[in-house]
Amino acid sequence: MKSTLRTIVFSTVCTLGAATAHAAEGSTAGVQNFDPAKFPGYVVEEVVVPVPSEIFSVLDKLGEPNWRQELRGVDAAKGSDRTHLALLFGNHVAEGFVAVQAQDKKAVEDIGREVIAVATSLGIKNAVLPHANSILDAANKGDWPMIRKEFDLTQKTVREEMAKRKDSDLAQCVSLGGWLRGTAAVTAVVGKNFSPDRSELLFQPMLLEHFLKQISIMSKGVKGSTTIQTIEKGLGQVKVLMDGSASGVSQESVTTIGKICNDLLKLIVTAE
Amino acid sequence: MRFARLASLALVFALSLPVNATVDDAHSYAMEAAAPFVDLGFIVREDFWNGEVKSGQQLMIRHQLFKGNEYAFWLGTANENCKLDLQVLDANAKPIQIATKIGLGPTFTSVRVNPPATGSYTLIFSVTSKTDTSVFWALAYGWH
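Protein chains in written order, with this note's numbering: chain F, 65 to 336; chain W, 35 to 178.
Don't take every hint at face value.
Claimed, not checked - Partner residues are not named here, just some residues of chain W that face chain F (Cβ under 10 Å, in silico): (1) Arg-96; (2) Lys-135; (3) Ile-136.
Unchecked claim - With a straight-line cut-off of 27 Å between C-alpha atoms, the simulated BS3-like cross-links for lysine-lysine are: (4) F/Lys-125 <-> W/Lys-88; (5) W/Lys-88 <-> F/Lys-228; (6) W/Lys-101 <-> F/Lys-323; (7) F/Lys-256 <-> W/Lys-101; (8) F/Lys-303 <-> W/Lys-128; (9) F/Lys-277 <-> F/Lys-220; (10) W/Lys-101 <-> F/Lys-303; (11) F/Lys-287 <-> F/Lys-228; (12) F/Lys-189 <-> F/Lys-169; (13) F/Lys-220 <-> F/Lys-330; (14) F/Lys-330 <-> F/Lys-303; (15) F/Lys-256 <-> F/Lys-169; (16) F/Lys-297 <-> F/Lys-277; (17) F/Lys-277 <-> W/Lys-164; (18) F/Lys-220 <-> W/Lys-101.
Hints in this document: simulated from the structure, not taken from any laboratory.
All residues carry an ideal CB built from backbone N, CA and C; glycine is no exception.
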C-alpha cells in the first residue's frame with residue numbers, strides 16, 4: 065500500500081514536472097488537471113542500471129573501505145544452464161569492479177579469465193574476448209580506469225549480444241547478477257562502518273521496481289526456473305525494506321539486505 | 035492513390051533527415067560533449083539511451099543517482115540546426131541541474147548535477163530542429 069502510494073506520488077510529481085517543463089514554453093493552463101495518459105512527451109522505458117563503481121566511489125569519499133577484504137574471487141561455472149550462466153556473468157563483472165577498487169592485479173586477471181570461460185559457455189566468446197584481453201593488458205599495466213571502462217563495456221556488449229540473439233531475458237539476468245553482487249559489497253562496507261550517509265546509498269526502490277518488472281515479463285522458461293523465482297521473492301523482500309526507508313536505511317535493514325543478496329548470490333554461484 | 039500518398043510521405047520523411055545521420059552519430063556528439071568533462075575526472079558510463087523522435091517531442095527518463103557523486107549528462111543529436119533542452123528534476127519536480135560553460139555545441143549540450151539525496155530523478159529533454167521533422171538523439175552520463 066505504502067509502495068503503491070509512493071509510486072502514485074512519484075508518478076504525479078514526475079508528470080507534473082514534465083508538464084511544467086513543457087508548459088514553460090507556452091501556457092501553464094492544464095497543469096492542474098494533467099492526465100498522465102495524455103502526457104505529450106514520450107517516456108523512455110529503458111533503465112540504465114548504475115555500475116557498482118558509482119556507489120563505491122561515494123564510499124571511498126566517505127572513508128577508506130578495505131576493498132581487498134570484500135573480494136571473494138570467482139569460481140568456475142559448475143553447470144551449463146544459460147540463466148545461471150548469465151547471472152554468474154553479471155556477478156563476475158561486478159566482482160571485477162570490486163577488484164578494481166581494491167587495485168588487486170591478480171584478482172582482475174583471475175576474473176578476466178573466468179569472464180572468458182563463462183562467455184565461452186554462453187556462446188559469446190568472440191564478442192567478449194577483445195574486452196577480456198584489454199582487461200588483462202590493462203591489469204599488466206595497472207591501468208585501473210581502463211579496466212573499469214572495459215568491465216563496463218564487457219557487460220554492455222554481452223547484453224547487446226544477447227538481445228541480438230533474442231535472449232533479452234538473459235541480458236536482464238546479467239544486470240541482475242551484477243546488481244546483487246554490487247549491493248552485497250556495499251552492504252558489507254556500510255555494515256562495517258555504519259552511518260546514515262553510507263546507508264542512504266542503498267535506497268534504490270526504482271531499480272528494484274525495474275528488476276521485478278523485468279522478471280514479470282520474462283518468458284515462462286526463464287521465469288519458471290527455481291533460481292529466478294527465488295530471486296524474485298528475495299528482491300520483493302528487499303523492495304519492502306527500501307520502500308520503508310525513505311527517511312534513511314537502518315542498520316538492521318542494511319544487514320537484512322546484505323543477507324538476502326548473499327543468499328541469492330550463493331544460489332547463483334553454486335548452481336550446477 | 036493511397037500508395038502514392040504514402041510514397042510521397044515517405045519521400046518527405048526521408049528528405050527531412052540529414053544524409054547518413056544515425057543514432058550512432060548522435061552518441062558521437064554526446065561523447066564530444068563529454069570530452070572536457072573527462073579531462074576534469076568524470077568517468078563515462080558506457081551504457082546510454084538513444085533513439086529517433088519527432089522534432090520538439092519531449093522525452094522523459096527516470097534514473098538512479100547517488101548523493102556524494104557529481105553527475106554530468108550529455109545530450110547529442112545527429113541533426114543540424116537544433117535547439118537542445120535538458121533538465122533534471124528532483125522528487126519535488128524542482129530542476130536541480132547546473133548550467134555549464136563546457137560541453138556545449140551546435141549538436142550537443144551538457145548539464146551537471148549534484149544530487150541532494152540518493153534516489154531516482156527525472157530527466158526531461160527535447161531536440162527541436164528548425165529543418166527536420168524527426169531527430170536522432172543520444173543521452174549519456176558520467177560521474178565523479
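Item to check | Unmet hints by their number, sorted upward, for this structure | outcome: 2, 3, 4, 17
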